[in-house]
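K.L.:
Take a look at the letters that make up each chain.
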Amino acid sequence: MPKKKQYEDAMSSVFDFIFTESKKPINKQKPVKVTGVDGTYEYADAIAAVLENPGKFVNKTTVDAFNDLVNPEIATVDLGPGEKAKFSLLNVKSVLENDMGFVDKAFTRLETDRKLGKLAWAGEQLSGIVAMTWAKKYGLDFETQNALFNMGSQDVLLDKRQAEKEKKLPAQATNAYYLEKVVKGEFGDYRNIPESVFKRSFGDEKGGQVYSELQKAFKLYDEKVRDRASAEDISKSISDLGKKNYQTLYPVFESHNMAMKEAKARAEGKEELANKYKSAQIGVDLFAQKTLRDKYILKKKDELDTYSEQLKALLKSNSPTRDQDIKFVRTKIKDLNKELGLFKLQERANKLGKIDGMISSVKGVWEYTAGGQLVPAILTGDFFDDRKNSAFHNRLQPTEKAKGLSGVEFKAPKKGNSVLEDNYYQMMTDMYYLTPAAWVKTLYTGEGFAYGAFKSKQKLSKLLDKKGLKEAVKIEDLLGADGQEYIDYLTQILDQKDFNAISKFVKNNKRLENLAKRFSFLSRKRDEFSQKWLKGKIPTRIAEQVKGLRNKVGGWLLKKMKDGPGAKLIKDWMANGAFKVLIMGIKTSVKAYLAALTGGTSKLLDFLVDVVIDFAIKIGTKIAKPIVKLYFSLIIISVLTIIGLLVLGPSLIATFASSQYRHVAPNEVVLGQTDYKVPKDGGDGGGGTPFNGEPLPDGVSCLMGSSQQYDCTQGAGASFSHGALPNAIDIGYVGYFYAPSFCGDGNCEIIENGDYPYCNGYAGGQVVFDAEYGGHTYRFKLVHVQMDPGLSVGDELGAGQIVARIMDHSETGSACSTGTHLHLEMWYDGAAVDPLSIMSEDSGGGGFGCSFDSCGN
Amino acid sequence: MKIKTNKIIIIAIFLVIITLAVILLLTRSNKKEYLSESIPQTAVSFSNKKVSIKDLAKWVEKEDFYLWEVNNDIKLQNVEQIAYDNNLKLIRSEEGVISHWTKDSSQLIYNLSANTLTVLGKDLIKIEGLSNVTSASFTELFKKYFDLDYLFELFMTEKKETGETVFYAKRYLDQTNLIEIGSNNFQTDYIAVKDGKIVYASLLLAQYQNTKKILPLIARDELERYINQVDYPKDFYPQMSILNNNPIFEEIEYVESEYKKVLNNINNCKADNISIVYIYKKMSQKYLTPVYKLEVQCELNYEGEVFAIPGIMYVNAIQPKFVSTEN
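Quick note, the sequences are listed as chains S and B, same order.
For the first sequence, numbering that gives the first Met the number 0 gives the first residue as 0, with consecutive numbering after it.
For the second sequence, numbering that gives the first Met the number 0 gives the first residue as 0, with consecutive numbering after it.
One or more of the hints may lead you astray.
With a Cα cut of at most 20 angstroms, we get these calculated PhoX-like pairs of lysine-lysine [claimed, not checked]:
#	chain 1	residue 1	chain 2	residue 2
1	S	K458	S	K496
2	B	K211	B	K61
3	B	K102	S	K333
4	S	K299	B	K88
5	S	K326	B	K88
6	B	K88	S	K311
7	S	K300	B	K102
8	S	K215	S	K205
9	S	K315	B	K142
10	S	K300	B	K88
11	B	K88	S	K331
Hint data in this document are derived by calculation from the structure and do not stem from the laboratory.
Predicted model, so just to flag it, every value in this text is computed and none were measured.
Please take these sequences and the hints and turn them into a complete structure.
P.N.:
Structure, rendered in structure tokens:
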């Protein structure tokens, strides 16, 4: 058989083997014998070992890595800052089946990721939410709610560490708005208030600051007016200033605003409302000054304790006036709780969140080590992915992106805050490049070689440092365009030995960078292919666009895939199997590259292709021994490293653990851990009908309580018990279910209530209620619940009213599962829809803004 | 002689008076007050499931069944005491609706609308030296925590996979009649015990008073005429657990349309036993009335197979003319 054909066949059979054999049970896999290996590179050794022991290395991760090679990005939809939804060949099947479902899923997934990322500051946000809830409860207007929200998250105002602007935006924007009114005299007569008044109200230091900022604003305004600046220019200047001094002025303005509302209410004879605004103003003032607030809370707590003790004593007493006394004391306790409600809930929520966050962070590490997840995570590469290794604020994840001179991206070790951290990051990054996932990726991205070049640069830097030549020899110049000239210059200043070492480095570095570039050819070609699709065709910022446009985009994508050049590729892929396309792709790319390099004839090209393929096959083999040795080393090193970190760096852990919150919304019953575990083998399911809703009014929030991340334990259509239900999900750790905030106009009604009959055994109750808004009807079916006592079928629901309590598993005994959960089914305008999509959609899209983890994960 | 005669006359008159008084007393105590006006039947709904009572071997022996009223008293202070003793925090309190306390994973939920207390959590309520739970254990519990004196009938125990044993009881309304709640296993109370401690419980705290008015019951032949009419008060509880582990039914859990089909295909119900119970659902039902409890055997035709399904039916037992249609 001709050599070329032999090699081509060998290549085909290599990949064929990898994909086919890997699907068989390990004891039935047949290894391929590799001969003539030169053993130069450890990566080559490892690749040989792959071929010898497919079961060990060719797993889903590596197969996915291969698939990734011929999975060009067809389109990217920009969903917001740093967030994209990618459409590629691999998900073409799901898009063909349900194009809008793909986009919706992307939103849901990214929304979850985004909300996960927000955990770190959630404690502060929760304070704001609690404050706003309190205002809402007392029927205060939206502006007041907003003010209290901003004030309530007052740590945000003080925390300079916060990088995300959006958290400060509401306070900044509102302050800018007020400041413009103030300078124009439309909001109080601040211009004529002397400094002494501010000092009296806020204390010397704060009062002085407030006065000074105001004077600055007035001065700026007067100058602009004098210079006849345009109204727009004046507005912008004041606004810019307002965004800078919001920390000082915003609390003052909000307090003033509350006072004005109080006065207005009193003038209109609405005493109760006026009192509520007064309370809101106290709230605003207290939020603005932490020390004042703390003192106030302490004082009220003391009063509460006193009354509680009194009540205890009264319950045991036989006094003739016992009943009246008990009633009186109970009223006092109730009033105090109401007054303290806002602050107490904040405090509790923060505490719960911090404790929970600490527990979950430590648990995360424990699961990695004791749970046996660490080594598999390292081997599959998950450990080196920020999204999957997020314990302690990604501190255990050792790598960050870097680029070599070749332009090839690779994973470099992060910079730590201590020598221990630096060493840990370095060691773990080295480990990454010994994993199967990295080996496979190197074949088409070249990242392993780029990292090799990076390491050699590090080695040289150390050498130069050791020899005291760091100042004399510039590594960048060595590797730059005029590198040769620089080398020539170095012969004059270095001795022979040092010069040889440097020359060797340069040579090695160039070789590695070239290899990196060569092996990245395939991924570059793939990206170019992707770019052609992306150029100006796909509208960005889908999140800002209306439903119609989303449909348009989905339709366009679909059309392109069905009609355009991608269709052929899809056809080949689907008809002939992935690996054949892979081989075709590799061969085509290599030939094209070589043709570009050499401009040669087809015969030469063929020869060179043979050489390349030959190289791919004729690689090192030292069979399994070094790999097994590597496994043990990996395990030992990893465990020792983690233990070392835990032992040597407890304060480190404590610091990072406290930066993660898992928070609880106010008024929510959190069902703690029981002996029962809801099985998570239901999986993601799928088949849920996507949801496209009309916007709901502002203020609509999660119907299970606002800010907790909910545990979706079984998705729509999942196999455990939702196989025939495209509109049902199971949610763990829910306390109560509430009516939407737009209820109250006779638009929400209880339709059904009774024992749930559709499980074998007692499963608690089911409640069905409808909620109508804007001509659309949401139907909710809650199962394993107890309808709120006092409600009956036919009753109308008010805004935020409690509809049902989720029963504990011990109350139901069956509940079609083994754990406490809410089974939720939903319909929208009569059509069954996936509750996950509605409940997690934000109000702008007709949803309720709940936060979920992925179903079944 | 004259004095002796007077004495005799006085004694005779005295004796007559006493006799009359005794006769009067005896007669009064035997006088039965029957219900004179109609009352709403709030204990039972309207099921369209047909049933045959022809084959009943015995009927309820005619007795006087009284009308009871649901008392408006609630045991909030007692429940508060339990909460305080266990350092539970009040998280929700709405008059006439609910009071809810929690601490960690423990919960105390007082449903004021139904006047039932759900206790979730180990050792929130205790019975000293609890080794063997009997009906007396329930009596002791109610006495200890709520100062209520009731008798119970322990009718079922269930060992759970998680290790606790659940004891189900029904409360005696009077010497002979039981109260049932038409749900779950029809118990009024249950307690779950593990390692000698109560780990969760559900307790009925509602109180009732006897109006002393006798309710005339519907006779058998009259009931046979009315029982399958659409508007005759009736509740049907098929015992679907008999279909547990049957693969046909495992697949249709939660699928309402299929289960409705199953329920609609349960037919040919025949009663084989009858008794009288009092059904309680919630405070607003106002009255506790006697209800016929029928143990029935039905047939289910599904997917070409026939299954025997036992069930319970509660049927209005009061003479229809005394049942008003108002609620």
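K.L.:
Now tell me, hint by hint, if it's right for this structure.
P.N.:
Results of checking the hints against the structure:
1. S:K458 with S:K496: holds, 16 angstroms
2. B:K211 with B:K61: holds, 17 angstroms
3. B:K102 with S:K333: Holds, because 19 angstroms separates the two Cα atoms, which is no more than 20 angstroms.
4. S:K299 with B:K88: The hint holds at about 17 angstroms.
5. S:K326 with B:K88: holds, 18 angstroms
6. B:K88 with S:K311: holds, 14 angstroms
7. S:K300 with B:K102: Holds. K300 of chain S to K102 of chain B sits at ~19 angstroms (cutoff 20 angstroms).
8. S:K215 with S:K205: holds, 15 angstroms
9. S:K315 with B:K142: holds, 17 angstroms
10. S:K300 with B:K88: holds, 14 angstroms
11. B:K88 with S:K331: holds, 16 angstroms
In the structure shown, no violation is registered for any of the earlier numbered hints.
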